[in-house]
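Enquirer: Here's the letter readout for the chains.
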Amino acid sequence: MKKKLCGLLLTALLTMAVLGGCSDGTGESSGDNSSAEPAYGGSVVVGIQQDIDSLDPHLATAAGTKEILFNIFEGLVKSDEKGNLIGAVASDYTISEDYLVYTFTLRDNVKFHNGDPVTAEDVKYSLERASGLLDGTALISALSPEKGGITGVEILDDKTVQVTVGSANTELIYSFVAAIIPAGSGEEEGADPIGTGPFSFVSYTPQEEIVVKKNPDYWQEGLPYLDQVTFKITGSAQTALMEMQGGSIDIYPYLTDSQAQALAGGETHQVLTSPSNVVQALFLNNAVEPLDNVLVRQAILYAIDKEEVNVFVGGGSGSLIGSAMLPSLTDYYVDLNDEYGNNANVEKAKELLAEAGYGDGFDLVIDIPSNYEFHMQTGEVVVEQLKAVGINASIHPVDWDTWLEDIYNGRQYTATISGITCDQTPGYLLNRFQTDSPKNFINYSNEEYDRIFVEAQKEQDPVKKAEYYKQLQKLLTDDAATAFLQVPGNMTALSNRLAGYRFYPVYVQDLSTVYLVE
Amino acid sequence: MKPGRKKQNPYLIAGMAMTGSAAGLGLLGAFWTPFGTTAMSAAERFQAPSLRHLFGTDNFGRDLFSRVMQGMGTTICISLLVVLFSAFFGILLGALTGYFGGVFDEAVMRVIDAVNGFPSILLALVMISLLGNGRQNLILSLGIVFTPSYVRIVRSEYVKLRDADYIMRARLMGVGKLRILFVHILPNVLPVLGVSLVIGLNNAILAESGMSYLGIGVQPPDASLGNMLSDAQGFLQSAPWYALIPGLAIVWIVLGFSLFGEGLRRLGE
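Residue numbers (this note's numbering), protein chains in the order written: chain Z, 10 to 527; chain C, 54 to 322.
Wrong hints could be hidden among the right ones.
Reference excerpt, derived from the structure (chain C facing chain Z, CB under 10 Å, subset only) [what the hints assert, rightly or not]:
id : residue
1  : T91
2  : G114
3  : G154
4  : F157
5  : N190
6  : I269
7  : P273
8  : L289
9  : Q290
These aren't lab readings, by the way, just hints derived from the structure by calculation. Think of the CB as a built atom: it goes at the ideal place given N, C-alpha and C, for glycine as much as any other residue.
With the rest of the complex left out, here is chain Z:
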């Protein structure tokens, strides 16, 4: 699995997500208890749904892993809860006018968990490792020289590092969230991760838990509050619910509608709601018969009733989408739901199928990662909708590892339901649809798309850039590249004894601001 998909991640996480009915939660950054005085100390248990794929921050692929590593590692910059970048290991940075040279000033007194101060050497090593300058293997593809990423890292003085990149890209700065690790430690990170984040690694027991403890030297004054955090891998959503009710899990993100209802009494937990930053879709493999025919793909889009999916699976809490963009990124989002409609158009779908020569329908196997109940339920609804137009669809559950290996990386599938996550840059959701992107698991290929994408990356005027991104979304929709469904809502259970939980517009779990109120 050398090809790490960097970023992306798939994630599915969503999973759960469903959100639903419980609209009393707040979308604000913390719960009702936040007025209480923050207290230091204590430990909490966070329930997570899947095992992590690597403790090495440059190798981790799954969104579910990165959201945890966010607590252990930091890059030169990091995201705050509004989605803006703030300095982390770097206190400041400047970007040259042509967007080809980045100069980072390192923050004073940032220490690794092993007590060593972070030096310019460490930064150089980390960036070179992530971008592949070190040994030719790019661990984070957005930073690789072939993708217009880092071409050179130069140490100007003890506190200043200058990075040159291959092409002008106004969004590249977001890729500098890549973790800074001690120079030469690459081999050991997977077993003994050392970073600069608010928590340091204690232990990892596969399929069981990851334990982290407070980093007393953390550079942000006063953070974190908690002494210890345990990320507990829960077997199933049902056990998680029982553990919450029993008090052994304090925080659990991505609740299903039914779980949220079960917790609704509020005796043990409160339920907070926010948008998930996941684009859920019925992904269609554009290179496989009969989905290589645009008419067939369009027929599928007409056949699908997104509104019904949202109601059945998410209790109506999701936002329907027609392309790969989050509606919350308002500057870049264009509403394309009307192109195929939010409701099914059976007549039109049948017409297109007949025109494509599939008037009698065809068999379609939909692979779905079975650990994600949300996707599985979506599958049941979609299968039913496709049957109405004569497509004999069936569900093939696969486990998560198989999904990553065979479907996401191997592209051995016809259709699959899953989610892709968004980093905070709008380009992040769109770059995977370039013909030669390693993340382009739907095998979408459109020369015009590739061309516009490159233009968009170069464009520095935000208005024009947004215009390009809107064109890209439109192309995806016109080509019926994939059946985009919704951005599900996200409900998180937070124990009544806690406060300070923050939602981010990116896929992370930040525990540094959580504190006990008792």
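Got chain Z sorted already, so can you dock chain C onto it with the hints?
Expert: Chain C alone, transformed into the frame defined by chain Z:
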């Protein structure tokens, strides 16, 4: 099973009534159900049992009565095939090993011991993960898991009977081996086998439900009692009938077959 000798046997009657009604509903469900078994309706989610929906509806607004009908049919059908498969090979292997003994007997019985050495559900899970999901593979793997017990039962009967006087005589008269095996001895094995077949059916129903509950076996959106139960567990508080109904349906079938088996046993005495 000679009707003439049948005395009062409430077990048999109750068992037949219960299994008969379940099988009848299941059979009917294969041809007709009040609503489509996968037809969804946003307006009718989580309806409690009513005249329109006898058993209520689930989270997709599907009619649970229709799904239970289909689920019973699926579950009983799979279980029957599992038992037929395992009984066929059980009789075949049991007869050959029991009657002939020798090296073949030793070899087969050691293999059977090995199969028995694994927890049965685990073994079935391993086989499914090798073979892939699906009904045929479910039947095959459960069939293999269930075969050893029949081999043992049949074999011990054959060992007991192979030296019986009437078999000796048949042999002396030059009756062919096949005829001795399956015409002379087999009918005498049937009473014992009959009871264990019914018990096996029970176990098969529970195993199928268990596997489908775990997400292996019958795949959604097709209904089986096990996967309905699994879907329902998230809604225990908000829609208790959703879990209760497939659960009760399993109880009904299993209890029915148990009574039926008990009735058969008493009949044999």
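Enquirer: Grab the minimum C-beta distance from C:G114 to chain Z and call the hint holds if it beats 10 Å, violated otherwise.
Expert: Holds, because the Cβ-Cβ distance from C:G114 to chain Z comes to roughly 8 Å (cut-off 10 Å).
Enquirer: So, as I understand it, the hint says C:P273 touches chain Z; can you test that by seeing if any CB pair is closer than 10 Å?
Expert: Holds, about 5 Å.
Enquirer: Holds or violated: the hint that C:I269 contacts chain Z, with Cβ atoms closer than 10 Å.
Expert: 9 Å, holds
Enquirer: Does C:F157 pass the interface check with chain Z, least Cβ-Cβ distance below 10 Å?
Expert: 40 Å, violated
Enquirer: Against chain Z, run the beta carbon of C:Q290 and see if the smallest gap drops under 10 Å.
Expert: For C:Q290, the interface hint holds, since the closest Cβ of chain Z sits about 5 Å away, which is under 10 Å.
Enquirer: Classify the hint on C:N190 as holds or violated, based on whether any CB of chain Z lies nearer than 10 Å to its CB.
Expert: C:N190 check fails; min Cβ-Cβ to chain Z is 13 Å, beyond 10 Å.
Enquirer: Quick check on the hint: C:L289 CB to chain Z CB, less than 10 Å?
Expert: 8 Å, holds
Enquirer: Can we keep the C:T91 interface hint, with Cβ of chain Z closer than 10 Å?
Expert: 5 Å, holds
Enquirer: Using Cβ atoms only, decide whether C:G154 comes closer than 10 Å to chain Z, and label the hint accordingly.
Expert: Check failed: Cβ of C:G154 comes no nearer than 46 Å to chain Z, outside 10 Å.
Consistency note: the structure conflicts with the earlier hints numbered 3, 4 and 5.
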